Amino acid sequence: MNSIFRFFWFCSGVHIATLEKHPTEHNKYVGIGATIFFTGLFAALSGGYAMYFVFKGDSTALPFAFLFGLIWGLAIFNMDRYIVSSINKSASTGKQLLQATPRILLAIMIGIVISRPLELKIFDKEIKERLKVTYLNNQRSKIDTLNIAFGNKYKIELAKLKETKAQRDSMESAIKTDRQKLNFEIFGNKTTETSGIMGYGPYAKRKEAELKQREQDLDTLSAGVRKLEDFVDNRKQFDGLMSEKLYTSKQLDSLTSIAGFADRNSALGQLSISPNGKKDVNTSLAITFIGLLFIFFECLPVFVKLMSSRGPYDRSVENIETAQMYESDKDKDYEITVIDGVHDTRVSTEINRRKNALNSN
Numbered sequence: 001m002n003s004i005f006r007f008f009w010f011c012s013g014v015h016i017a018t019l020e021k022h023p024t025e026h027n028k029y030v031g032i033g034a035t036i037f038f039t040g041l042f043a044a045l046s047g048g049y050a051m052y053f054v055f056k057g058d059s060t061a062l063p064f065a066f067l068f069g070l071i072w073g074l075a076i077f078n079m080d081r082y083i084v085s086s087i088n089k090s091a092s093t094g095k096q097l098l099q100a101t102p103r104i105l106l107a108i109m110i111g112i113v114i115s116r117p118l119e120l121k122i123f124d125k126e127i128k129e130r131l132k133v134t135y136l137n138n139q140r141s142k143i144d145t146l147n148i149a150f151g152n153k154y155k156i157e158l159a160k161l162k163e164t165k166a167q168r169d170s171m172e173s174a175i176k177t178d179r180q181k182l183n184f185e186i187f188g189n190k191t192t193e194t195s196g197i198m199g200y201g202p203y204a205k206r207k208e209a210e211l212k213q214r215e216q217d218l219d220t221l222s223a224g225v226r227k228l229e230d231f232v233d234n235r236k237q238f239d240g241l242m243s244e245k246l247y248t249s250k251q252l253d254s255l256t257s258i259a260g261f262a263d264r265n266s267a268l269g270q271l272s273i274s275p276n277g278k279k280d281v282n283t284s285l286a287i288t289f290i291g292l293l294f295i296f297f298e299c300l301p302v303f304v305k306l307m308s309s310r311g312p313y314d315r316s317v318e319n320i321e322t323a324q325m326y327e328s329d330k331d332k333d334y335e336i337t338v339i340d341g342v343h344d345t346r347v348s349t350e351i352n353r354r355k356n357a358l359n360s361n
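All the letters of the sequence shown, read from the start, carry residue numbers 1 to 361 under the working numbering.
Note that these hints are calculated values from the structure, not bench results. Note that the coordinates shown come from a computational prediction; the quantities given were computed from them, not determined experimentally. Errors might be hidden in some of the hints.
Calculated cross-link-like contacts (lysine-lysine; reagent style PhoX-like; alpha-carbon spacing at most 20 Å) [said to hold, decoys possible]:
id	residue 1	residue 2
1	56	121
2	56	142
3	132	250
4	236	165
5	227	155
6	142	160
7	245	132
8	250	153
9	89	21
10	165	205
11	153	176
12	28	89
13	162	227
14	207	181
15	165	181
16	181	205
17	250	125
18	207	176
19	56	128
20	245	142
21	236	153
22	176	212
23	160	236
24	250	128
25	165	56
26	176	165
27	207	155
28	162	207
29	155	165
30	142	153
31	142	236
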């Protein structure tokens, strides 16, 4: 238990030898040190998680994430330790607040940086769903853009293909109607355009000859349509339209699993907006409160130090610092006096030497 206490004292940045003389202050600085330690721990987890997604898919992702998380956690730990230990409790309340203001601003920035990767993990499921929608919309937009560009590039050919298809369809419909009329004529069905006499007469023979000629024209027209369709298909293949298709569910799952930090961060920001374009208040508040929680947790060591009263440890530290400053001033006076004395001796010695030199001449 004593070892744990001393470790948290070290985390709080106190002078352990002085603190040991004041038992009433022990728990206060254990609490401050524990807060600093866990802030650094959360920073390590957050930084490591962020780096893991940056290098996800690489064989070195895990060891690199661990190394970066450790370095990042130690950096935040050292910064928090300095921030808390540098607040002078011997100063007035206003001066303490002035000292703490830039440190609180820095703590807010650190809290924002720490909270973001952890928010990505907390909303991981929702982020994946939003990424699927985003990837699918992007692919659909890409296909639409390619189709528009292709339509503009081959506008004449596509218009000719459309016109030729319309002619073919119209001819097929007319041939079908005429074939039905021919059958009515052969089988003796009376209509406004048939004689009603059964048999293969001159009218039927003439009508059949016309149909054969029109069917030949239809075959020629159909061949032209197929030729134009082959040309368009080849151009689509060349321009990449044939290879661009909407993602399947399996492909979307694969894409979301390897999504980088930037994509996931963007998707997290989009969670606050519903698919209909309106703001999703509940999700927005959840993200905001989680961020504020980590910001408050990062600022907590500073707040604890500011809220704590000036205790015997702070008084002892002030006395030690005053004594050390007094000793330093005395050492300075001692050195100045010695230097002045040595200087006077050197001057006197040099004067005597030069006088002796003049007398000898």
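For each hint, the structure was consulted:
1. 56 to 121: Distance ~14 Å between residue 56 and residue 121 Cα, so the pair holds.
2. 56 to 142: With Cα atoms ~26 Å apart, residue 56 and residue 142 exceed 20 Å; violated.
3. 132 to 250: holds, 11 Å
4. 236 to 165: Judged against 20 Å, a Cα distance of about 19 Å means the pair holds.
5. 227 to 155: Between residue 227 and residue 155 the Cα gap is close to 16 Å, so the pair holds against 20 Å.
6. 142 to 160: violated, 26 Å
7. 245 to 132: Answer holds: residue 245 to residue 132 is near 15 Å, not above 20 Å.
8. 250 to 153: violated, 34 Å
9. 89 to 21: The given pair, whose Cα atoms are some 18 Å apart, holds under the 20 Å limit.
10. 165 to 205: violated, 29 Å
11. 153 to 176: violated, 36 Å
12. 28 to 89: holds, 14 Å
13. 162 to 227: holds, 13 Å
14. 207 to 181: Distance ~9 Å between residue 207 and residue 181 Cα, so the pair holds.
15. 165 to 181: Distance of about 24 Å is beyond 20 Å: violated.
16. 181 to 205: At roughly 12 Å apart (the allowed maximum being 20 Å), residue 205 and residue 181 satisfy the hint.
17. 250 to 125: Distance ~16 Å between residue 250 and residue 125 Cα, so the pair holds.
18. 207 to 176: Holds - the C-alpha atoms of residue 176 and residue 207 are around 13 Å apart, at most 20 Å.
19. 56 to 128: holds, 15 Å
20. 245 to 142: holds, 10 Å
21. 236 to 153: holds, 11 Å
22. 176 to 212: Answer holds: residue 176 to residue 212 is near 12 Å, not above 20 Å.
23. 160 to 236: Within the cut-off at roughly 16 Å; holds.
24. 250 to 128: holds, 13 Å
25. 165 to 56: Cα-Cα ~51 Å, so violated.
26. 176 to 165: holds, 16 Å
27. 207 to 155: Distance of about 39 Å is beyond 20 Å: violated.
28. 162 to 207: Roughly 29 Å separates the two Cα atoms, so the pair is violated.
29. 155 to 165: holds, 15 Å
30. 142 to 153: Cα-Cα ~16 Å, so holds.
31. 142 to 236: holds, 14 Å
Hints 2, 6, 8, 10, 11, 15, 25, 27, 28, counting from the list given before, are not met by this structure.
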